[in-house]
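Asker: Just so you know, the sequences run in chain order A and B. Numbered per our numbering, the first sequence spans residues 1 to 331. Numbered per our numbering, the second sequence spans residues 1 to 321.
By construction, these hints were calculated from the structure, which means they are not laboratory data. From a predicted model like this one, the values you see are computed outputs, not experimental measurements. Misleading hints may appear alongside valid ones.
Computed Cβ-Cβ distance ranges for the label pairs, DEER-style [stated by the list, open to error]:
1) T62(B) to K53(A): 22 to 32 angstroms
2) L194(A) to G230(B): 35 to 45 angstroms
3) T62(B) to D25(A): 56 to 66 angstroms
4) T184(B) to G55(A): 42 to 52 angstroms
5) P39(B) to K330(A): 24 to 34 angstroms
6) P270(A) to D256(B): 43 to 53 angstroms
7) P39(B) to T189(A): 55 to 65 angstroms
8) R26(A) to A283(B): 19 to 29 angstroms
9) P39(B) to V307(A): 52 to 62 angstroms
10) A218(B) to G80(A): 27 to 37 angstroms
11) L194(A) to G138(B): 42 to 52 angstroms
All residues carry an ideal CB built from backbone N, CA and C; glycine is no exception.
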Amino acid sequence: MSVTAPTRSLKFWQGINQALVEEMDRDEKTFLIGEDVARVGGPYGVTRGLLDKFGPSRVRDTPISEPLLVGLGTGAAAVGLRPIVEIMFFDFAMLAMDQIVNQAAKYRYFTGHSLPLTIRTMCGVGGPNGAQHSQNFEAWFCAVPGLKVVMPSNAADAKGLLKSSIRDDDPTLFIETQGLLTSRHDVPTEDDYLVPLGEAVVRRPGDDVTIVAIGRQVDRAIEAAEAVAADGVSVEVVDPRTLAPLDRDTIAESIRKTGRLVVAQDATAPFSFAAEILALAAEECLTALKTEPRRVTSPFINVPTPVPLAEARTPGVDDIATALRETAGKG
Amino acid sequence: MNSSQNGPADDRLARYQLMRLSRRFEETVHEQFHEGNVPGPLHLSIGQEAVAVGGCWPLRETDVIVSTHRGHHHCLAKGARADRMMAELLGRADGYSRGRGGSMHVAIPEIGLLGTNGIVGGGIPIGTGAALGLQIDGRDDVAICFFGEGAAANGVFGEALNTASLWKLPIVFICENNRYVELTPQSVHVAGHIWKRAEGYDMPGLEVDGNDIDAMTAAVEGAVGRARAGEGPTLIEAETYRWFGHYAGDKAAYRDEAEVETGRAGDPLVRARADLSADEADAADAAVEQEIGAALEFALASPSAGEEVLFVGHYAEEVAS
Chain A
1 MSVTAPTRSL
11 KFWQGINQAL
21 VEEMDRDEKT
31 FLIGEDVARV
41 GGPYGVTRGL
51 LDKFGPSRVR
61 DTPISEPLLV
71 GLGTGAAAVG
81 LRPIVEIMFF
91 DFAMLAMDQI
101 VNQAAKYRYF
111 TGHSLPLTIR
121 TMCGVGGPNG
131 AQHSQNFEAW
141 FCAVPGLKVV
151 MPSNAADAKG
161 LLKSSIRDDD
171 PTLFIETQGL
181 LTSRHDVPTE
191 DDYLVPLGEA
201 VVRRPGDDVT
211 IVAIGRQVDR
221 AIEAAEAVAA
231 DGVSVEVVDP
241 RTLAPLDRDT
251 IAESIRKTGR
261 LVVAQDATAP
271 FSFAAEILAL
281 AAEECLTALK
291 TEPRRVTSPF
301 INVPTPVPLA
311 EARTPGVDDI
321 ATALRETAGK
331 G
Chain B
1 MNSSQNGPAD
11 DRLARYQLMR
21 LSRRFEETVH
31 EQFHEGNVPG
41 PLHLSIGQEA
51 VAVGGCWPLR
61 ETDVIVSTHR
71 GHHHCLAKGA
81 RADRMMAELL
91 GRADGYSRGR
101 GGSMHVAIPE
111 IGLLGTNGIV
121 GGGIPIGTGA
131 ALGLQIDGRD
141 DVAICFFGEG
151 AAANGVFGEA
161 LNTASLWKLP
171 IVFICENNRY
181 VELTPQSVHV
191 AGHIWKRAEG
201 YDMPGLEVDG
211 NDIDAMTAAV
221 EGAVGRARAG
231 EGPTLIEAET
241 YRWFGHYAGD
251 KAAYRDEAEV
261 ETGRAGDPLV
271 RARADLSADE
281 ADAADAAVEQ
291 EIGAALEFAL
301 ASPSAGEEVL
311 FVGHYAEEVA
321 S
């Protein structure tokens, strides 16, 4: 008889908060800097309590200086610290591109030394935040050698992957999804819950169609899979969890098994993560494919501010279910 | 300072010899460039040696610096070996970055050299971050951030001064004003005086004759002392002159002969040598010739970096993606 590990229901942000507390407790070389992270605990409360627990040297509110923030992390990591830098919204990472792409990502290449830097940021639609506070740029960073890119889809992975990211000796971009912050999932209560980087997971086994989904689209893909099961379509849901390095084997194995592929993401389609998965399918699984692969993405337009409009732009469960049925030939 | 990695601060002979080493290193690598042996760009710091040697003289090996695209003199002043530097610039396997980085990507963290840099201003946040790390770690080491007057136009300069001052970070910002920003004079790039910007960030700002090794050393010693004592950052603008073009091969036709002649007349090596006896200066020169000769021999004997260096060193564990 198998024993199920004890779990506790947590919100996504609580998984992040627990990971930060545990890792900062574990290693005094860790510290957290970012805009509004200390006194108020972040605009969404993700870092609440950390200042009181770890003090003002290791938890610091910074000026609004994103390029500097990343450089602060890089320089501190270079002298032996293990920094965690928060960039409040993913959109603001655009200001810090030199420090992320030209500097942090190339440090090991130039020096042969580790750079244990974690950059946390928050992507996607999740409130009335508009076109400069809601974007998904994950694919841009997956194109940079030297960086790792992590994108959890639930509270358990948020906790386990963030702990692994902080312990990792390479610069890691950890992308939190705004629309998931208050979503609940069961999180193992074990003392030191780690999820390894670079390992995808099959969320739901199935035989007819593979759907690869990231971020907020993972739960939607599972819900859509349940919906189409009623129509006799068996769907396998794969969550890559780490986008770079990508667990190509798990994804390819699923595509070869089902012969049908749908990819779901919040980002727009051109040159995106979904485009990379379709390339993978073409390069590694072409003869196994029974029909054309599909991408379920936001249209190539900007994010509007009002929530109903922003949500209308983003793929929903119905969009995914339709794509799954059509791909399975039951549309 | 007895903690100095290079010896007593009043050791004029040793500082002269280090400047001479930098000068002869660059003259030699410049010759190698014209012989086609340098597979990458080369930005010479000839004429600016006193800024680097004076700037690094008060430092320990555990102190750190960040440098720029024009940074050979900083590297040598912080303790880089001339032979492995030469090998790197000549694209050889025994170079500090396996011969695949070249002049703008020399980094030797084990001696506190966090890197030259191919991006103007790119090192400023990193130097500031190193200072933050030293502070959080409770060390009394300091960081020195070298940058040019061109980099002062970059946004990160203001960001770094602001945060370094707010947090009293142990850092000295040394602006090496060589009067040219790439291919145009500083008058096109720089409003006002860079050292005066310190006042707006509530930190000391100093203007120093960057061709006077004693003045440079004294200014940086004072600033390093402040930083070590937890009193925060200092901004120093060192006035110097770039003897050659922006890059090796740039004939600098955009400036006139008279200006160059005047600029070169301030040669920091000539000035430093004047304080030494002819015998000791000659002996220092001879020692440098020997070291440079050996460095060139070492570099030329090292195999050219081959394709085996292409894939290594991107991640802690090599991964395919």
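Asker: Hint numbers the structure violates, sorted upward?
Answerer: Of the numbered hints given earlier, those the structure breaks are 3, 5, 8 and 11, listed in rising order.
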